[in-house]
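Q: Using the sequences and the hints given, assemble the complete structure.
Going by our numbering, the sequence shown wraps up at 1062, each residue one higher than the last.
Pairwise CB distance ranges, derived in the manner of DEER restraints:
{"id": "1", "residue 1": "794", "residue 2": "997", "range": "51 to 57 Å"}
{"id": "2", "residue 1": "954", "residue 2": "639", "range": "57 to 63 Å"}
{"id": "3", "residue 1": "1020", "residue 2": "813", "range": "37 to 43 Å"}
{"id": "4", "residue 1": "878", "residue 2": "920", "range": "29 to 35 Å"}
{"id": "5", "residue 1": "810", "residue 2": "644", "range": "22 to 28 Å"}
Keep in mind that the hints were calculated from the coordinates and are not lab data.
Positions of the beta carbon are idealized from the N, C-alpha and C atoms, including for glycine.
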Amino acid sequence: MRTAAEDERAPGRSHRPGRALRSRSPRLVFWLSWLVLTGLGSVWALANPMAAAPDEPAHIVRAASLYRGADLVELRPGLLVAEVPRIYALTHEMAGCYAFHSTEPASCWVPEWGDVTEVVQATTSAGNYNPLYYAIVGAPTLLEPRNGTLYLMRLVSAALGAFCIALGLRSVAEVSRRRWIVPAVALATTPMVVFMNSTVNPNAVEAAAGLGLWTTLLLALRHPDRTLTRRRWWRAGVLVVLLVNAKAFSPLYLAIIVLTAVLVVGWAPVRAALVDRRTWPGLALGVLGSAAAVAWTLTAEGVTTARTQAFPELTTERALNNVLRLTSSYVEQQFGRFGWHDTPAPGSVYLLLAAALGVVVVLSLGAARLREGAAFVALLLVVLLLPLVLQVPNASYVGLPWQGRYLMAVSVGVPVLAGFLLDRRAPVAAGVARRVSWVLLGVVAVTQLLSFWENLRRYVAGTSAPWFEPVENRWDPPLPESVLLGAALLAVLAWVVLLGWLAHEPDPDPRAEPELEPGGPSVPPRVSSGTLPDSAPQVRGAD
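A: Rendered as structure tokens:
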């Protein structure tokens, strides 16, 4: 039997766009996903004033100094000085009047540009961070220094994050059962993920690469296909490199992702992947990238260690109590808390996302087998308790600096794993699953649009301004407000329609796939029409 991958490459076969549209070609899914998500991130990038994101000035200075070969001089542990064109140094001033003051529109900052090409000194707290992300988003600094260059850096970051998520969706398009995992990926791409992608901050690529890796790794192990093996593991290797070289804790997050995937799928698929030579190039890329990331952190002092107790009042008991009280805030931040964490999403966004996530989590736990359910519960505990484990021991030295975005590379795996288990076990009738998935996609559309609108309103007029009345001292974004709102609406609708199109391709058999557990029978079970055992290759397109 010819696989879809071979079928699409066969001489004389039609490669017309209409055929690709009908077959949900993985290549087409990748390009459309990358285009739509880049567009959505770009609209966010233009709707936010420059430096209106956590630590964005520090990351901009780091990227600019990297391409200029500027020497970084340490002022104190964790804070360095670099010489960069004045336009990049000015980012430290841009948010000074409205950061942490959500009632102030961005118009409160009156620019005094001067000579923006003049080389001046600027501080950065990211001077010791891994350079890979900054080498990518800093490429526009090779152009003439100006305000547009800053926005171009944001657009590059948006495209990079979209690329990572699109790689994961290409993996999804290569398997036949995806009715649940597609809306799960949409839920994982929270408004906070989109917002971070639109800024200059390595948390953006960390979360996006984590999301892409969750889907790629789980599906590559669960649905082996010899015609897709090499490219799938190359894809995983690229995502690993981008993930582990983002932040100092990124290798830890990689370990959590890999361990969870192994626990969920079992050892037999992992062993089969490890002995297959076609996986070795991608695995080698991931191992080398991980080794380079760890080496950089150890040699460049990527993690700053405090030597004195700056917060002696934070005893272990008090720190533990404070972190537990902040846990719900960390979760809220992963859904969406914008600006310098001064702009929450509307309350309905949190309610809708929590309800949607609760549905898929409860259904997946009900459908999962014992090992799968245990791994899922362990992941939930990691998301909730890791901030406690990493903060409490050093609280008297560094305080409680944790923010929800730090853990998004792991937390995006919660809905992805839930969707993966639901597709694997299929506990819900196909018709019901179809309707529920459309409801979930509708929730995604509503929450994305409400978040964008609230964030734009905050910078244009401030959160205390009336919604539908003229206000003084409005901030004028690079594009008119109506254009940005229209573009956001189109981008979100395109995103939801694309995912609905991908999720609802007719499935020849909605029943769950039969299992071959480790140690089980060596003879494959009887295969009913339209159903493949675990070891059989999938027959999805792979071009």
